[in-house]
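Engineer: Residue numbers (the UniProt record's numbering), protein chains in the order written: chain H, 1 to 331; chain R, 1 to 331.
Heads up, some of the hints might be wrong.
Stated by the list, open to error - SDA-like cross-link-like pairs, simulated, lysine to any residue; straight-line CA separation at most 20 angstroms:
#, chain 1, residue 1, chain 2, residue 2
1, H, 274, R, 157
2, R, 274, H, 63
3, H, 274, R, 260
4, H, 274, H, 222
5, H, 274, R, 53
6, R, 274, H, 258
7, H, 41, H, 122
8, R, 274, H, 41
Said to hold, decoys possible - From the structure, some residues in chain H lie toward chain R, with a derived Cβ separation under 7 angstroms:
#, residue
9, 42
10, 43
11, 44
12, 60
13, 63
14, 73
15, 74
16, 83
17, 84
18, 97
19, 130
20, 147
21, 151
22, 184
23, 188
24, 293
Because the hints were derived from the structure by calculation, they are not lab data.
From a predicted model like this one, the values you see are computed outputs, not experimental measurements.
All C-beta atoms in this analysis are idealised placements derived from N, C-alpha and C, irrespective of residue type, glycine included.
2 protein chains.
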Amino acid sequence: MSDALNGKGRLPDATRRHVREVADRLGYRPSAAARTLRTGKSGLIGLTVTTYGDEPFTFTEFAYFAEMARAATSAALARGYALVILPATSRHDVWSNVALDGTVVIDPSDQDPVVSELVRQGLPVVSDGRPAGSLPVTAWVDNDHEAAVLGILDHLADAGARRIGLLTGTTTDTYTHLSTTAYLRWCERVGQDPVYEAYPAHDPCAGAVAADRLLARPDRPDAVYGLFDPNGTDLLAAARRYGLRVPDDLLLVCCSESTVYANTEPPITTLSLKPRRIGTAVVQLLIDAIEGVESDQPVEQVIPTELIVRTSSERRPPRTTVSPPRSPEEG
Amino acid sequence: MSDALNGKGRLPDATRRHVREVADRLGYRPSAAARTLRTGKSGLIGLTVTTYGDEPFTFTEFAYFAEMARAATSAALARGYALVILPATSRHDVWSNVALDGTVVIDPSDQDPVVSELVRQGLPVVSDGRPAGSLPVTAWVDNDHEAAVLGILDHLADAGARRIGLLTGTTTDTYTHLSTTAYLRWCERVGQDPVYEAYPAHDPCAGAVAADRLLARPDRPDAVYGLFDPNGTDLLAAARRYGLRVPDDLLLVCCSESTVYANTEPPITTLSLKPRRIGTAVVQLLIDAIEGVESDQPVEQVIPTELIVRTSSERRPPRTTVSPPRSPEEG
């Protein structure tokens, strides 16, 4: 009966139709689970953020992940796959309740247990973020985070910064790690003492506290780069508390995809990691791997970043004498 | 062995550990499909747009669906569910390859075959958009589309419109249907001949053609409301082709969640349907139904809309004499 209902096998069409009608009358429905057991392929691909392990983290609340997931969804649908957006923690039963053909993992930490387990099961895993250490992913897509950070630090130094601070994270994913080491190396090269605060980036309260701590230090920086989405507004709020004007007393840049920063007071310079391009690329690589397609694309793809320069990192030129408009009396 | 691996059943802990170690060595992995067969619950909820049937339609490319899906994803993750974003067509095998606990369906058409089949299977279905006809959904969330359209038509008439046109769709979902009948009734009430073009809204090219056709008519409207996201830019382009200035010769409003319309030339008035609130509400209702929770919330929820008034629907007041700034020569 199963072959008749699936339109496969060697039953004559009339028989097939008859079986189907009877099955319909009986309320028989094909079991998704049974079918998956037989064919071994489900048409489902997973997407999750494993950086924060079992910490609660609704990642779609962050602009980067939301944009990335949107692009990934579109790319999956366009190739006939459904995207399953999974809870970040491996604790959830749902991981063992869905038969995935492969998974996209965002910012895995080193020795990430979810990635290790999926790879052990023989499933393709493509990571957004180059894998730390020996994490054996099928392919990865990432930005050149070191080059991006060095570009921002040079941009801030060009704008007059003498002591640049960093807001960074406490996790071991390569985004956080590479960005931080790039900062430390830059400091060493230019002879500046590093001034940074690290916090668990999934916790927005911790971010506000870290921003405050950074500006409360005796060696207060005159410019800050924040690695995470809410750092711009957190730093603006902290600057206000300490009576610091942006950009006059404090230059600011943060990594964010949020359009909010075009309209803050003042607008804040942001680094965009181009999550839509990344979301599309990871899904293409994953489906290629699932289908065994020989890809023209390298299995390691680096997507360019974009620095969107706004008022917060442009120090005004030194005042020159400006002639006031002539009043009628002078005419 | 299955009980040992799942941490259930009555095996002593030592036995359980031993079985697990042996299973690990043998490369045994728990089968998601087998587990789903046994427990009957998967922790997975579906989301799809069925309005356009088997037409290709990557719905996440539209701002409304992207925002709604983002909110739905967050709401699902927050309650420990994974969201499966499914291809719009029932043709895809993937529908039968995933065991869903329930599904969110966006803008179902009347007699929607996907909804009918899911309900027949006894699965909870919550629709974004009140169900047309006798579609037996578990619950729905929607806006009051009639009130929203009447509000827009009054707003345009107040701004001086004498003949208001409509860009609408050819599908039978209630959004399109209720918005169109509200327009027709308004026309009857104020004694205006209806001026509208309908097109299949999943096809962006058809939208551009319909906008052009609407403005090429001998009974050309002096104001247009477009029901779909790209109508604003399509109408602006068509207006330019016919030498019509917005808002002087043509007033424009469209229903869109896109931030693009804050920066078009001129900025375009938009109706927001608040997709984030809808996405959150549908998932809460669906999970309540799956878990058999007695909900405080009604199973029919109406979310308020918001008209964001911009230049395109504000006719300038009649010119009054403005004194030019005095030049020095006159001082």
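Engineer: Against this structure, judge whether each hint is valid.
Structural biologist: Structure-based check of each hint:
1. Between residue 274 of chain H and residue 157 of chain R the CA atoms are separated by roughly 43 angstroms; this puts the pair beyond 20 angstroms, and the hint is violated.
2. Restraint check: the Cα-Cα separation between residue 274 of chain R and residue 63 of chain H comes to about 18 angstroms, which is no more than 20 angstroms; the hinted pair holds.
3. With a C-alpha separation of about 18 angstroms, the suggested pairing of residue 274 of chain H with residue 260 of chain R holds against the 20 angstroms cut-off.
4. With a CA separation close to 28 angstroms, the supplied pair residue 274 of chain H and residue 222 of chain H exceeds the 20 angstroms bound.
5. A threshold of 20 angstroms between alpha carbons decides the hint, and for residue 274 of chain H with residue 53 of chain R the separation of about 32 angstroms lies outside it, so the pair is violated.
6. Under the criterion of a C-alpha separation no larger than 20 angstroms, the hint pairing residue 274 of chain R with residue 258 of chain H is consistent with the structure, at around 19 angstroms.
7. Using a Cα cut-off of 20 angstroms, the hinted pair residue 41 of chain H and residue 122 of chain H holds, with the two alpha carbons roughly 13 angstroms apart.
8. With a C-alpha separation of about 37 angstroms, the suggested pairing of residue 274 of chain R with residue 41 of chain H is violated against the 20 angstroms cut-off.
9. For residue 42 of chain H, the suggested interface contact is upheld, since its CB lies about 4 angstroms from the closest CB of chain R, less than 7 angstroms.
10. Here the hint on residue 43 of chain H is kept, as its CB sits about 3 angstroms from the closest CB of chain R, short of 7 angstroms.
11. The interface hint given for residue 44 of chain H holds, since its Cβ lies 6 angstroms from the closest Cβ of chain R, which is under the 7 angstroms cut-off.
12. The interface hint given for residue 60 of chain H is met, as the beta carbon of that residue sits about 5 angstroms from the closest beta carbon of chain R, less than 7 angstroms.
13. Taken as an interface hint, residue 63 of chain H does not check out: its beta carbon lies about 10 angstroms from the nearest beta carbon of chain R, beyond 7 angstroms.
14. Taken as an interface hint, residue 73 of chain H checks out: its beta carbon lies about 5 angstroms from the nearest beta carbon of chain R, inside 7 angstroms.
15. Proximity of residue 74 of chain H to chain R holds as hinted, the smallest CB-CB distance being about 5 angstroms (cut-off 7 angstroms).
16. At its closest, the beta carbon of residue 83 of chain H sits 5 angstroms from a beta carbon of chain R; the interface hint therefore holds under the 7 angstroms criterion.
17. Satisfaction of the interface hint for residue 84 of chain H is found here, the shortest Cβ-Cβ separation to chain R being roughly 5 angstroms, below the 7 angstroms cut-off.
18. Here the hint on residue 97 of chain H is kept, as its CB sits about 4 angstroms from the closest CB of chain R, short of 7 angstroms.
19. For residue 130 of chain H, the interface hint is violated, the least distance from its beta-carbon to any beta-carbon of chain R being 25 angstroms, above 7 angstroms.
20. Annotation: interface hint on residue 147 of chain H violated; nearest CB of chain R at approximately 30 angstroms, more than 7 angstroms.
21. Below 7 angstroms, beta-carbon pairs count as interface contacts, and residue 151 of chain H has none with chain R, the closest being about 27 angstroms; its hint is therefore violated.
22. The closest approach between the C-beta of residue 184 of chain H and any C-beta of chain R is roughly 34 angstroms, which is over the 7 angstroms cut-off, so the hint fails.
23. Evaluation of the residue 188 of chain H hint against chain R yields a violated restraint, the C-beta minimum of about 41 angstroms exceeding 7 angstroms.
24. Nearest Cβ of chain R to the Cβ of residue 293 of chain H: about 18 angstroms, over the 7 angstroms cut. The hint is violated.
Violated hints, in rising order: 1, 4, 5, 8, 13, 19, 20, 21, 22, 23 and 24; the structure is consistent with all others.
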